[in-house]
Amino acid sequence: NAGVTQTPKFRVLKTGQSMTLLCAQDMNHEYMYWYRQDPGMGLRLIHYSVGEGTTAKGEVPDGYNVSRLKKQNFLLGLESAAPSQTSVYFCASSYRDTSNQPQHFGDGTRLSIL
Amino acid sequence: AQKITQTQPGMFVQEKEAVTLDCTYDTSDPSYGLFWYKQPSSGEMIFLIYQGSYDQQNATEGRYSLNFQKARKSANLVISASQLGDSAMYFCAMRKGSRDNQGGKLIFGQGTELSVKP
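Those protein sequence lines, which keep their order, are chains A and B. Just so we're aligned, residue 1 is where the first sequence starts under this note's numbering, counting upward by one. Just so we're aligned, residue 1 is where the second sequence starts under this note's numbering, counting upward by one.
Honestly, I wouldn't trust all of these hints.
Short, incomplete list of chain A residues facing chain B, as computed with Cβ under 7 Å [as the list claims (entries may be wrong)]: (1) Met27; (2) Tyr31; (3) Gly40; (4) Leu43; (5) Tyr48; (6) Gln72; (7) Asn73; (8) Leu75; (9) Gly77; (10) Glu79; (11) Asp97; (12) Ser99.
30 Å max Cα-Cα, derived DSS-like pairs, lysine-lysine [stated by the list, open to error]: (13) B:Lys3 / A:Lys57; (14) B:Lys73 / A:Lys57; (15) B:Lys3 / B:Lys70.
Keep in mind the hints are simulated off the structure, nothing from the lab. Cβ coordinates follow ideal geometry from the N, Cα and C atoms, glycine included.
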């Protein structure tokens, strides 16, 4: 039972480098999300998608781009990494966007920018 | 604006005792959902329990129960018979109904770190 799978689990980048985080879900969920978790701040929404081919900005979108070319995949890109983007990144998915639906999370990607 | 507040950065509990983790929320929407997630030291986020704003009864899931007091805007998590494996960070979160909700994003509190002592 895979659920939501994130790759990679850990990554260290130098300032200015680019990378893509991959999220894959096998639950046929329409809605997918990228959050970042910083100490003492809980999780904050970066970008989200309400279906294949759609993306939208969340609370903290600057410095990130996303794509959802296939329903099961949601990619998060950092074009030019900055130390402020050092964080733990979580992908989540949900069948619907209604208030009674829990979101299912991946195991997270720990990203360090030097 | 919507907000979740968890005022206990850290809590200790003796094994086999019950513990209550506090959560207060702020929203003007009549329809919302309240969730608790557990994050062990391994890092994953585990969904524990859900309470809907229109639910008349408090939610229960095994050893977890949610003490929902709508008038006070609180949704405290109660863990009964604590186990060593309950040691983790616990997050309270809220989700609006589907109107203007940014795809149904979750709004998280800062978390409470629970340590269970043997």
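Right, here's what the structure says about each hint:
1. Checking Met27 of chain A against chain B by beta carbon gives a least distance of about 13 Å; that is not within 7 Å, so the hint is violated.
2. Interface hint status for Tyr31 of chain A: upheld, as the beta-carbon distance to the closest one in chain B is roughly 6 Å, under 7 Å.
3. About 6 Å separates the beta-carbon of Gly40 of chain A from the nearest beta-carbon of chain B, less than 7 Å, and the hint is met.
4. For Leu43 of chain A, the suggested interface contact is upheld, since its CB lies about 5 Å from the closest CB of chain B, less than 7 Å.
5. Hint on Tyr48 of chain A holds. Least Cβ distance to chain B is approximately 4 Å, under the 7 Å limit.
6. At about 17 Å, the closest approach between the beta carbon of Gln72 of chain A and any beta carbon in chain B exceeds 7 Å, and the interface hint on this residue is violated.
7. About 17 Å separates the beta-carbon of Asn73 of chain A from the nearest beta-carbon of chain B, more than 7 Å, and the hint is not met.
8. Look at Leu75 of chain A: its Cβ only gets to about 17 Å from chain B, farther than 7 Å, so that hint breaks.
9. Hint status for Gly77 of chain A relative to chain B: violated, with the closest Cβ pair at about 19 Å, above 7 Å.
10. Look at Glu79 of chain A: its Cβ only gets to about 23 Å from chain B, farther than 7 Å, so that hint breaks.
11. Taking 7 Å as the C-beta cut-off, the interface hint given for Asp97 of chain A holds, the closest approach to chain B being about 3 Å.
12. Satisfaction of the interface hint for Ser99 of chain A is found here, the shortest Cβ-Cβ separation to chain B being roughly 4 Å, below the 7 Å cut-off.
13. Straight-line distance between C-alpha atoms of Lys3 of chain B and Lys57 of chain A comes to about 19 Å, which keeps the hinted pair within the 30 Å bound.
14. Using a Cα cut-off of 30 Å, the hinted pair Lys73 of chain B and Lys57 of chain A holds, with the two alpha carbons roughly 28 Å apart.
15. A hinted pair counts as satisfied when its Cα atoms are at most 30 Å apart, and Lys3 of chain B with Lys70 of chain B qualifies at roughly 15 Å.
Checked against the numbered hints above, the structure breaks hints 1, 6, 7, 8, 9, 10 and satisfies the rest.
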